[in-house]
Amino acid sequence: GENVEQHPSTLSVQEGDSAVIKCTYSDSASNYFPWYKQELGKGPQLIIDIRSNVGEKKDQRIAVTLNKTAKHFSLHITETQPEDSAVYFCAATGGGTSYGKLTFGQGTILTVHP
Amino acid sequence: EAGVTQFPSHSVIEKGQTVTLRCDPISGHDNLYWYRRVMGKEIKFLLHFVKESKQDESGMPNNRFLAERTGGTYSTLKVQPAELEDSGVYFCASSQGALAMFFGPGTRLTVL
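Sequence lines, in order, name chains W and R. Residues are numbered in the working numbering as their position in the first sequence, beginning at 1, plus a constant of 1. Residues are numbered in the working numbering as their position in the second sequence, beginning at 1, plus a constant of 896.
Some hints here could point you the wrong way.
[Stated by the list, open to error] Capping the alpha-carbon separation at 27 Å, the derived lysine-lysine pairs in DSSO-like fashion look like this:
1) W:23 to R:940
2) W:58 to W:72
3) R:937 to W:72
[As the list claims (entries may be wrong)] Partial list, derived from the structure: chain R residues whose beta carbon lies under 8 Å from chain W:
4) 927
5) 941
6) 961
7) 994
8) 996
In short, the hints are calculated from the structure, not lab data. We put the beta carbon where it would ideally sit given N, CA and C, even for glycine.
Same shape as in the complex, but just chain W (with noise of 0.2 Å):
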């Protein structure tokens, strides 16, 4: 099946620097790739995603890369503000029937100081 590394396990970063999150997947078939922001006490929320047949994609301050042959995908967010920190999970999944079935990476403990 389908396995997800993602890193680092923690960010630390000043308020405005840029913060990037990488992770590798091992299945070839995957080809959606979506990001979720998980805050204290809340499920996570869905910020950004990217299908296969895409290399990169923005929206605003959030950018996400893939590299469907080196099987990467990478989060970078610009001018980080305070309000980002949280922890940053990636996923990966196939198509056909078995497009619900999300595999998480780790999670990255994002802290933006001020």
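Chain W is fixed; fit chain R onto it per the hints.
Relative to chain W, chain R alone:
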């Protein structure tokens, strides 16, 4: 529009007891999923409903876990009898189409 809701938010039970978790998906979402996160580990898939049918239950750990979605609306996840290793946070999610899942706040289950 209300999001995915889960009840209870916390549950503390003793080993051997039964617990039932409930999930109300976003209205109109045919797809409903259960995931859980055991302490310190990644979030893991349990099962997937499409309306009232189980599309994929390959993540259910054993037969102590029973999920139902009668009528294709809300879902329940029963653990009977509960074991210590069942402790964790149980998330429910729903989606309209094949992707873009929306998660609920989770139920934190503690088995003593």
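Verification of the supplied hints:
A threshold of 27 Å between alpha carbons decides the hint, and for residue 23 of chain W with residue 940 of chain R the separation of about 19 Å falls inside it, so the pair holds. With a CA separation close to 16 Å, the supplied pair residue 58 of chain W and residue 72 of chain W stays within the 27 Å bound. Distance hint between residue 937 of chain R and residue 72 of chain W is fulfilled; the C-alpha atoms sit about 22 Å from each other, no more than 27 Å. Contact between residue 927 of chain R and chain W, as hinted, is supported at the beta carbon level, the nearest pair being about 6 Å apart and thus within 8 Å.
The beta carbon of residue 941 of chain R comes within 5 Å of a beta carbon in chain W, closer than 8 Å, and the hint placing it at the interface holds. With its C-beta approaching chain W no nearer than about 16 Å, residue 961 of chain R sits outside the 8 Å limit, and its interface hint is violated. Proximity of residue 994 of chain R to chain W holds as hinted, the smallest CB-CB distance being about 4 Å (cut-off 8 Å). Given the 8 Å rule on beta carbons, the hint for residue 996 of chain R holds: about 6 Å separates it from the nearest Cβ of chain W.
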